[in-house]
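Colleague: Chain residues, written in single-letter form:
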Amino acid sequence: METATVNTVATTSRTGRLQTRFAALKAEGRAGLVTYIMAGDPDREASQAILNGLPAAGADVIELGMPFSDPMADGPTIEAAGHRALAAGQTLQGTLNMLARFRETDTETPVVLMGYFNPIHNRGVERFAADAAAAGADGLIIVDMPPEEAPELTGALNAQGLHLIMLTAPTTDAARLSVVLSHAGGFVYYVSIAGVTGTRSADEAQVAEAVARLRQQTDLPIAVGFGIRTPEQAAGIARVADAAVVGSALVERIAKGEDALAYVSALADGVRGARA
Amino acid sequence: MTKALNTYRSGADENGHFGIYGGRYVAETLMPLILAVDEAYQAAKADPAFQTELDGYLKHFVGRPSPLYYARRLTEHLGGAKIYFKREDLNHTGAHKVNSCMGQILLAQRMGKTRIIAETGAGQHGVATATVCARFGLKCVIYMGQTDIERQAPNVFRMKLLGAEVKSVTSGSATLKDAMNDAMRDWVANVEDTYYLIGTVAGPHPYPSMVRDFQTVIGNETREQILELEGRLPDSLVACIGGGSNAMGLFHPFLDDPDVRIVGVEAAGDGIQTGRHAASMTGGRPGVLHGNRMYLLQTDDGQVTEAHSISAGLDYPGVGPEHSWLKDTGRVEYVPITDAEAIAAFQETTRLEGIIPALESAHAVAQVIKLAPTLPRDHVMVVNMSGRGDKDVNTVARELGVDMGGPL
Chain Y
1 METATVNTVA
11 TTSRTGRLQT
21 RFAALKAEGR
31 AGLVTYIMAG
41 DPDREASQAI
51 LNGLPAAGAD
61 VIELGMPFSD
71 PMADGPTIEA
81 AGHRALAAGQ
91 TLQGTLNMLA
101 RFRETDTETP
111 VVLMGYFNPI
121 HNRGVERFAA
131 DAAAAGADGL
141 IIVDMPPEEA
151 PELTGALNAQ
161 GLHLIMLTAP
171 TTDAARLSVV
181 LSHAGGFVYY
191 VSIAGVTGTR
201 SADEAQVAEA
211 VARLRQQTDL
221 PIAVGFGIRT
231 PEQAAGIARV
241 ADAAVVGSAL
251 VERIAKGEDA
261 LAYVSALADG
271 VRGARA
Chain C
1 MTKALNTYRS
11 GADENGHFGI
21 YGGRYVAETL
31 MPLILAVDEA
41 YQAAKADPAF
51 QTELDGYLKH
61 FVGRPSPLYY
71 ARRLTEHLGG
81 AKIYFKREDL
91 NHTGAHKVNS
101 CMGQILLAQR
111 MGKTRIIAET
121 GAGQHGVATA
131 TVCARFGLKC
141 VIYMGQTDIE
151 RQAPNVFRMK
161 LLGAEVKSVT
171 SGSATLKDAM
181 NDAMRDWVAN
191 VEDTYYLIGT
201 VAGPHPYPSM
211 VRDFQTVIGN
221 ETREQILELE
231 GRLPDSLVAC
241 IGGGSNAMGL
251 FHPFLDDPDV
261 RIVGVEAAGD
271 GIQTGRHAAS
281 MTGGRPGVLH
291 GNRMYLLQTD
301 DGQVTEAHSI
311 SAGLDYPGVG
321 PEHSWLKDTG
331 RVEYVPITDA
341 EAIAAFQETT
351 RLEGIIPALE
361 SAHAVAQVIK
371 LAPTLPRDHV
381 MVVNMSGRGD
391 KDVNTVAREL
401 GVDMGGPL
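These protein sequences, in sequence, are chains Y and C. Read left to right, the first sequence gives residues 1 to 276 (UniProt numbering). Read left to right, the second sequence gives residues 1 to 408 (UniProt numbering).
Treat the hints as calculated values from the structure; they're not laboratory data. Warning: the hint list may mix true and false statements.
Claimed, not checked - If the Cβ cut is set under 10 angstroms, some of the chain C residues that face chain Y in the computed set are: (1) GLU192; (2) ARG232; (3) ARG276; (4) GLY283; (5) GLY287; (6) HIS290.
Just so we're clear, the structure is a prediction, and the values are computed from it rather than from any experiment. Yeah, the Cβ is synthetic: ideal placement off N, Cα and C, and Gly gets one too.
Chain Y on its own, in the form it takes in the complex (with noise of 0.2 angstroms):
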């Protein structure tokens, strides 16, 4: 009974930081920015540097890339980013390790973990959701988890209070859509265009019209990702969703060894200035 206790107290603050997060931008009367980096690229220090450095440079919510061998609905950057990371030595403990040390001096950034389900699954379910929640981390997205196969995994997050983030895209259509969020917590992530990480970009006014239907049936806050490379498009997403998600450009800049926290302050800039 102690156990319960005690997580229920931890489900609560945890539930907490996503939305007082979401709550925290609505008030401010802004979008957020969500941004996304490969766990232990290039490797495990110099990772944990650009994480602890993000929300400082503007990063509102962080996703946290849990590397895989074969990450089928990524592109060609986000993959070379997984295998630079496992090259190093990355492991899905080292992940929840470096999760653990950024919480020790930022309690209050939401941090998801984004990944694919065959580390998670041969660690066991109920043992990672134990160990992601006791890393800090807020919720999960699993790329090749659709709500057919979420059940065997939402009964480990629930009682680990994480949000399990689902995914919608342009050929979600709307009886799909009501099923898809019936599993959705935290916010919906919106694949703004038919394809993989990293490659095109979507229409502003497809996005704006595909915020609108989502709306209808969803009161979680709406990310949306997948294509968007600079401030100016930054800003156009930030003026229709509740934040914009950038990766596979930020993933970039650190492949090339450019001032990642640099670049994040500028997409901040343009998330901040959208709605101005």
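Start from chain Y and add chain C according to the hints.
Modeller: Positioned in the frame of chain Y, the structure of chain C alone reads:
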């Protein structure tokens, strides 16, 4: 899972699960497409006109039924079981792959798709896909790992002759699994006009069940032919397993005949103990890749490892979900055969029977060479000669130290 079931032939359930295996682990962008394939396939399956059309092409274009051939000299040489070859190597394009390609291309056309993509390992599925695309005038893009392109050059050229675009895949191990990753990426980016023609009994539901259904023509014919030739069912069946489509096609119609012993042969590469192999059931454990849960070669941390086999068609770290389930139920035995054993069987079959087997099929024959001498002469054994080995002569020459450029 160990108790005997009433039937082993009822899977998958409506969500594509065979026990804990199978399923649909794909990105949301792909889900509506996969559901559309399932819906179209269920409709086609229920339409007698579809089967009639398919049967017509299988007879007149593919050349079915394929013979069930008594391998007399191999039988006498081994001195035990009576060995029959199911001659899928005699199909148009030289392997069993075309059976499923023909079914799927008819389905793709029913769905109004105009562009076909496929992955290939040995190139046999790529050639079969390019062939049916040429036959029906559809655009064809084949994803093939760079490693496989190098070791299967004749098939690459055949695909190009047939009008297909062959896209080289350089990521990961640059073999079949990586080709499948890139095919899925292509599909996700071309959702309107493209049909993904998967070559084996793996991938997201409905592919494992659908490809099996199209391949069971092998087992159905075998059943009829052996009854005619021997007046009874065979005592055992042997087939090689990469993803597992030729084996599933032969095995499935016999799963509910408890007296038929069924043996699947995995590629053990340099040997299981070396770690350089493609035997996912002997050396792997359940995992999720390419849209389904199956036995998978993976690290302690859940990263997929590279498979190794001299046979490009068996060089895959997973195996279809129905095979995974059949292993757990105990209905089918799965055994490993090394590269060296397969090469020996390749030579023996060629010299004794005048049939050059594909290196994939040679794995099955290698198991027959082990098993047959231990069995009585009235034991009837059917081995699936899944493909012909013309494509492999360069590989085998290299293994045997023969310089194809010099005097032979």
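Colleague: Can C/ARG276 be said to touch chain Y, with a Cβ gap under 10 angstroms?
Modeller: violated, 17 angstroms
Colleague: Can C/ARG232 be said to touch chain Y, with a Cβ gap under 10 angstroms?
Modeller: Check failed: Cβ of C/ARG232 comes no nearer than 44 angstroms to chain Y, outside 10 angstroms.
Colleague: Given C/GLY283 was flagged as interface, is its beta-carbon under 10 angstroms from a beta-carbon of chain Y?
Modeller: Violated - the Cβ of C/GLY283 stays beyond 10 angstroms from chain Y, reaching only about 15 angstroms at its closest.
Colleague: Does C/HIS290 pass the interface hint, meaning its C-beta sits closer than 10 angstroms to a C-beta of chain Y?
Modeller: Given a least distance of 7 angstroms, the restraint on C/HIS290 holds.
Colleague: With 10 angstroms as the cut and Cβ atoms as the points, is C/GLY287 at the interface with chain Y?
Modeller: holds, 5 angstroms
Colleague: Under the criterion of a CB-CB separation shorter than 10 angstroms, is C/GLU192 in contact with chain Y as hinted?
Modeller: Holds: closest Cβ of chain Y sits about 8 angstroms from C/GLU192, inside 10 angstroms.
In terms of the numbered hints stated before, the structure departs from hints 2, 3, 4, listed from lowest to highest.
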